[in-house]
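Student: Sequence:
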Amino acid sequence: MISVVSCIIFEHDLRLVLMAAIMCVVGAITVVNLFRRSCASVAHARIAWSILTSIATGASIWSTHFISMLAYQAEIPVRFDVILTMVSLLIPMTLMSPLIYLATKMRKQNVSIVIGGAIGLVVSSIHYLGMAAYRVDGVVEWNTTYVIASIIIPVVFCTATFGHFPKYKFMSKRLISIGAFTVAVVGLHFTAMTAINIIPFNLSDMPMSTDAFYGMAMATAAGGFLVLVTGLVSFVIDSSTREANSQEIERLVATDALTGLPNRRSFREHIENTLAGFETNPLSNFAVLYIDINGFKVVNDTLGYSVGDVVLKTFADRMSETLSSGEYIARLGKDEFAAVKVYNSANELEAFVQKVEDSIEIPIEVEEESIELDLAIGIACCPTDGHYADELTSNAELALRRAKSNASDSICYYDANMDDVVRHHREMVRNLRQAILKNELQLYYQMQANVQTGELKGFEALLRWTHPEKGPISPALFIPIAEENGLIIQLGDWVLKQACKEAALWEKPYKVAVNLSPMQLMQPNLPKRIHEILLDTGLSANRLEIELTETAIFEDRERSVHVLRQIKALGVNVALDDFGTGYSSLEVLRSFPFDKIKLDRFFMDEIETSSVAKAFLRSVLALGRNLSIPVLAEGVETENQLRILQEEGCDAIQGFLLHKPSREVPFEHNLDFADTHSVKSAAGPSDNLFSMVKLETRRG
1 MISVVSCIIF
11 EHDLRLVLMA
21 AIMCVVGAIT
31 VVNLFRRSCA
41 SVAHARIAWS
51 ILTSIATGAS
61 IWSTHFISML
71 AYQAEIPVRF
81 DVILTMVSLL
91 IPMTLMSPLI
101 YLATKMRKQN
111 VSIVIGGAIG
121 LVVSSIHYLG
131 MAAYRVDGVV
141 EWNTTYVIAS
151 IIIPVVFCTA
161 TFGHFPKYKF
171 MSKRLISIGA
181 FTVAVVGLHF
191 TAMTAINIIP
201 FNLSDMPMST
211 DAFYGMAMAT
221 AAGGFLVLVT
231 GLVSFVIDSS
241 TREANSQEIE
251 RLVATDALTG
261 LPNRRSFREH
271 IENTLAGFET
281 NPLSNFAVLY
291 IDINGFKVVN
301 DTLGYSVGDV
311 VLKTFADRMS
321 ETLSSGEYIA
331 RLGKDEFAAV
341 KVYNSANELE
351 AFVQKVEDSI
361 EIPIEVEEES
371 IELDLAIGIA
381 CCPTDGHYAD
391 ELTSNAELAL
401 RRAKSNASDS
411 ICYYDANMDD
421 VVRHHREMVR
431 NLRQAILKNE
441 LQLYYQMQAN
451 VQTGELKGFE
461 ALLRWTHPEK
471 GPISPALFIP
481 IAEENGLIIQ
491 LGDWVLKQAC
501 KEAALWEKPY
511 KVAVNLSPMQ
521 LMQPNLPKRI
531 HEILLDTGLS
541 ANRLEIELTE
551 TAIFEDRERS
561 VHVLRQIKAL
571 GVNVALDDFG
581 TGYSSLEVLR
591 SFPFDKIKLD
601 RFFMDEIETS
611 SVAKAFLRSV
621 LALGRNLSIP
631 VLAEGVETEN
641 QLRILQEEGC
651 DAIQGFLLHK
661 PSREVPFEHN
671 LDFADTHSVK
681 SAAGPSDNLF
691 SMVKLETRRG
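In this text, residue positions in the sequence shown follow UniProt numbering: the first is 1, and each later residue adds one.
Worth flagging that the hints you see were computed from the coordinates, not collected in a lab. Every residue, glycine too, gets a C-beta built ideally from N, C-alpha and C. One should not assume that every hint holds.
[Unchecked claim] In silico PhoX-like pairs for lysine-lysine, Cα to Cα no more than 20 Å straight-line:
#1 Lys470 / Lys528
#2 Lys528 / Lys508
#3 Lys404 / Lys438
#4 Lys457 / Lys470
#5 Lys457 / Lys508
#6 Lys511 / Lys660
#7 Lys470 / Lys501
#8 Lys438 / Lys497
#9 Lys497 / Lys528
#10 Lys438 / Lys528
#11 Lys497 / Lys508
#12 Lys528 / Lys457
#13 Lys511 / Lys568
#14 Lys511 / Lys497
#15 Lys404 / Lys497
#16 Lys297 / Lys457
#17 Lys457 / Lys501
#18 Lys501 / Lys528
#19 Lys297 / Lys355
#20 Lys334 / Lys438
[Said to hold, decoys possible] Label pairs and their calculated CB-CB ranges:
#21 Pro200 / Leu175: 39 to 45 Å
#22 Leu505 / Val298: 52 to 58 Å
#23 Leu18 / Pro200: 26 to 32 Å
#24 Ser628 / Val298: 25 to 31 Å
#25 Gln523 / Ala351: 29 to 35 Å
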């Protein structure tokens, strides 16, 4: 180390050494930034930037080397071989291009180390090819130790330069790379110069002119700087362009294209920032407003989307023109807007709400049409209605829904008592979606038996949901929600497939009955889906019984009957459920040859006390016999009900009298109905209090 320092101080012109050092540092800055740009590019752009990086690398190393060589005071005449001097620049630069390109693509550190080391060897070649072009009238002796050290230095430090450090965004990492490149070049040259010892042939009184050396050094520096500045300017221009494009993209991402207002993303960020400010200044309050233009859909449908766009833009412009400090407006989508108002008193908030209303009160003139509209506004205030962005936006939206459905008041503030019903409804929808995905649903089975003998005939599949935290949830709650939110298709498909899958594994080939919803029946691919399930599960078609109500059929009678005929053609049984509760039961029976009639449990509740209920029972049973359709009575819970059904000639029953619905199928639970007085309720004396609800079409 002392020898290297001594060589620099006593054997070099320090002015030229300083020039070489400046050249090296500028080159290092240029090379590292160009290399980072190469790493960020793709395809052909990466190749182009890699070539530019290799040119800058070669030029900076070569210029530093050549100026430093001119700074070396050999005390004898010196000349340079022009051809070898050019070779020392061009060949290493050519070899460096593919290595730098590979370095930009590598993500594994061990591979980057190998490539960085290879670049270090190419850097070393620049010096030693340059030394080969160095001509003196004497013998040049080399110190092997210093030669090896001079090669190791660029190998080590180029590994750091072209490894992972320059790929980081942090300035500290880039500074490490710049420093490493500088040490690699400077360390290589001056360690290698320490390794040489020149023994002159003859002493000369006419050494090469110092002015000539300075002239060559300045020319070399100028050429090197020109190359480096070209690369650096290219990088700066590209970075500026990318920054401008990035800002424009960011603006577009954060702005609604039609109105120029901030969009949903910007609105969310604004609320987060406002909440952060609220923590430092709790004396002020702020409100979140959700705004909807009433009647906007009618405008779109009757006057066209272009007119609708003008309406939206006009409203946005009017609002933007009136905004003051602490006020913010954004468009969330379609005709939905949102606003934030920072206020100190309720009067300030009311004035802002009035300003929002005034922005739509003036009719909007479009294509000779005068369009009069009004707004629905939902408001949630911080901190009374929430402390977090999600809370405030959700509560404002709930208040907006109430405002849209309230004919007498189009401005609604969040009310926990009124809006929590909607919140619970939404939560139920989310939980139900998760229940389907997480397999929280189960099927329970209720027995169906011959009314005269007690012989087991089959089972009806009943859907049950046990929430991991809330426990069992009644089908009376979640089935209507599934129907309202379109989940009933997915839910019904799961029930159908699971029932067939489990029934196929039963010890005995009993039938399994599955209830279909009206929405399922409207699916044109339902017969195909049933056929796929039967094939997938291996269940025989004659063991599956589909149950549906007359309401489901009459939603679209012609299509429903067509679908049912296709299902029946598969060999699947079709039962008419809840018979007697509609207005067109006889018409339904006439339209399709059902395999079973299921008498609604409503009639069982009165059959013991009402002569009208008994008369209806006799009529249904007579109708079934005349049409050769067996009748099953649902909801049988007492021995007296069973006795009446036996006396009237009913075919089958289903209810708690037989057995409580259970997860395990009671195959051996055949009952002897020869003496009805000996029949005991398998469910126990208190089970009649239960009301089991299956996947059905009616609500309530």
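Student: If a hint holds in the structure, say so; if it does not, say that too.
Tutor: Hint-by-hint comparison with the structure:
| no. | hint | verdict |
| --- | --- | --- |
| 1 | Lys470 / Lys528 | 37 Å, violated |
| 2 | Lys528 / Lys508 | 26 Å, violated |
| 3 | Lys404 / Lys438 | 35 Å, violated |
| 4 | Lys457 / Lys470 | 35 Å, violated |
| 5 | Lys457 / Lys508 | 11 Å, holds |
| 6 | Lys511 / Lys660 | 18 Å, holds |
| 7 | Lys470 / Lys501 | 28 Å, violated |
| 8 | Lys438 / Lys497 | 16 Å, holds |
| 9 | Lys497 / Lys528 | 13 Å, holds |
| 10 | Lys438 / Lys528 | 26 Å, violated |
| 11 | Lys497 / Lys508 | 19 Å, holds |
| 12 | Lys528 / Lys457 | 27 Å, violated |
| 13 | Lys511 / Lys568 | 15 Å, holds |
| 14 | Lys511 / Lys497 | 14 Å, holds |
| 15 | Lys404 / Lys497 | 40 Å, violated |
| 16 | Lys297 / Lys457 | 55 Å, violated |
| 17 | Lys457 / Lys501 | 19 Å, holds |
| 18 | Lys501 / Lys528 | 17 Å, holds |
| 19 | Lys297 / Lys355 | 23 Å, violated |
| 20 | Lys334 / Lys438 | 34 Å, violated |
| 21 | Pro200 / Leu175: 39 to 45 Å | 44 Å, holds |
| 22 | Leu505 / Val298: 52 to 58 Å | 56 Å, holds |
| 23 | Leu18 / Pro200: 26 to 32 Å | 28 Å, holds |
| 24 | Ser628 / Val298: 25 to 31 Å | 54 Å, violated |
| 25 | Gln523 / Ala351: 29 to 35 Å | 53 Å, violated |
Hint compliance for this structure: hints 1, 2, 3, 4, 7, 10, 12, 15, 16, 19, 20, 24 and 25 are not met, and every other hint is.
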